[in-house]
Amino acid sequence: MASLATTIVPASTRPAVLWMASNPRSSIQRPAPPARAVRSKASPAKRPAGATPRAPSSGDDADACRVRVAVRLRPRNNEDLHFEADCVELQPELRRLKLRKNNWISESYKFDEVFTENASQKRVYQVVAKPVVESVLNGFNGTVMAYGQTGTGKTYTIGRLGKSDQSERGIMVRAMEDILVDTSSAADTVAISYLQIYLESIQDLLAPEKKNIAIVDDPRTGQVFLPGAAVITVRDLDHFQQLLQIGESNRHVANTTMNTESSRSHAILMRSSKGKEECENIARNEVVSGDGLPVIIKSKLLIVDLAGSERIDKSGSEGHMLEEAKFINLSLTSLGKCINALSENSPHIPTRDSKLTRLLHDSFGGSARASLIITIGPSARYYAETASTIMFGQRAMKVVNMVKYKVEFDYESQCRKLQEQVDSLTEESERQQKFRSKEKEQMEEKLKICENSLAELEKNLTLKSEQHQLESFTYQKTLVETAQKYEERIADLTKQLEDMHVRYENSEDHLTCVQKLLRKNEKLIEHYQMEHSTYQKMLVETTQMCEKIIADLSQQLEEMNTSFANPEQPFPFDNGTSVQVIWYSDFHLFWSYVFPVVVEVGSIWIFLPLRLVFG
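Here the UniProt record's numbering is used: the first residue of the sequence shown is 1, the next is one more, and so on.
Take these hints with a grain of salt, some might be off.
Unchecked claim - Under the rule of at most 25 Å between Cα atoms (straight-line distance), these lysine to any residue pairs were calculated in the SDA-like manner: (1) Lys130 to Ile215; (2) Lys101 to Glu117; (3) Lys122 to Glu107; (4) Lys163 to Glu248; (5) Lys434 to Glu444; (6) Lys398 to Val224; (7) Lys298 to Ile215; (8) Lys406 to Arg358.
Calculated directly from the structure, the hints in this document are not laboratory data.
Produce the entire structure from the sequences given, and follow the hints as far as they go.
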């Protein structure tokens with residue numbers, strides 16, 4: 001029975017799972033054991049060059065392979081700098097780690113590999129993950145998983161994309177790069193699924209609308225499947241990085257006091273392959289039948305980024321984040337229980353306690369080759385969390401998987417192939433029988449179609465001929481009417497032109513008359529100007545004469561004024577006539593005086609109004 005588990009799980013964790021699926025090349029030689037009597041127990045990933053691939057088997061011949069565990073120390077951050085003492089001391093050359101509780105109490109632990117804070121991403125991949133990837137390419141199942149306290153570099157180790165700096169690429173990208181290099185055949189394909197376990201619900205990171213995906217158990221093989229998960233074919237490494245970036249954007253993260261981007265779900269990348277080969281090409285020395293039956297070679301790679309473990313009292317989780325932490329702790333606790341049970345060879349492995357342990361059923365205690373990398377921090381403040389992580393790794397090192405080369409005869413495919421051949425021959429026979437009758441029917445149908453087409457063409461030709469004649473008659477009639485209209489128009493225009501000529505000639509005569517009248521008027525103007533000059537001269541002379549008369553009158557008036565003193569005295573004139581002025585009245589009118597007088601001339605009395613103007 002296969003499973004996985006953890007023992008002590010700190011409060012908050014971040015799990016992540018990536019599922020990759022692909023078809024390995026059929027030309028890959030898979031390791032085969034020697035004759036059954038002398039069976040080698042070497043690791044399935046390492047086989048001598050030129051070894052013959054093993055034949056399909058019932059699955060009884062399996063190699064024991066212990067889970068390999070490596071520890072990686074995170075570099076010190078700003079928070080760690082406040083604590084002078086570290087609780088971890090590494091001895092990479094001895095592959096040992098010393099954990100100090102205080103200055104006088106410490107414990108030493110041995111691992112398969114110990115990485116210092118200066119270890120490169122490339123070295124971590126080559127030691128931890130590359131042997132597993134090679135086993136998967138050779139037809140075995142494999143699992144690579146990161147476990148540790150939050151903020152210790154699990155996601156950096158597993159899922160770092162490294163677009164700006166390729167040296168920082170994580171295990172997922174480097175594993176896919178090796179898989180794509182190995183998958184060179186045009187017939188081979190690589191496909192992946194990328195999932196997360198969030199609040200004990202399996203969700204698809206590449207198709208966010210797919211939530212709460214069900215886990216299906218295969219009663220025959222004991223394997224688990226996720227039929228509802230999206231499976232996407234990878235074109236190249238850039239396409240794979242784009243898919244990872246999409247998945248990371250859909251993954252649940254939160255800002256805690258221990259990590260600004262703490263993943264709140266387990267992420268799982270799944271790559272599974274299902275290749276077909278001919279039996280006689282698989283193993284010549286163990287073939288039971290020389291008929292060339294097809295076989296199915298199955299392998300699966302899981303790359304798991306678990307949610308980081310943390311204590312709730314230190315992370316400060318509350319509300320919804322507290323609910324997330326509870327589910328994370330529940331799944332990690334279930335994983336720890338499975339690891340404990342496996343390390344103690346317990347008859348019961350509680351793999352059904354959580355969906356995480358169900359998915360990792362084959363990774364710990366099953367038939368897969370597994371590598372675990374645990375990440376820790378140097379700070380003594382988190383001594384308890386670091387100790388819990390180290391103990392989880394120590395227990396995992398005791399788990400032994402029975403690695404199996406999964407090859408099965410594909411009877412279903414062979415039956416389907418033979419049935420297709422029978423169906424093809426039957427169809428060919430029926431087709432040959434029906435060919436003649438169908439050919440005759442087709443020829444008769446074509447002849448009928450041709451006759452119908454000919455009749456239709458003749459009918460259309462007659463209709464078009466009649467239509468053409470009608471259109472020709474209409475065009476001729478229209479042409480005659482148009483010609484008449486244009487002739488009438490031309491006649492009107494000709495008449496208008498003649499009228500314009502006549503008006504033009506009349507205009508010339510009128511212009512001549514006007515010019516003559518103008519010359520006559522000019523002479524009249526000259527005459528009037530001469531008369532005007534004469535009148536001006538006469539006016540001047542008249543003015544002078546009037547002025548002289550006025551002067552004389554003024555003098556006479558003065559002389560008359562002298563006689564006003566005696567109004568009864570007659571006014572003598574030069575001719576000897578005396579005039580007597582009688583003053584009847586006087587009155588003032590505006591600025592003048594009017595004197596009405598009666599003048600006696602001889603024996604005649606004349607009434608004269610006399611006005612004297614002053615001013």
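Item to check | Which numbered hints fail | outcome: Failing hints, ascending: 1 and 3.
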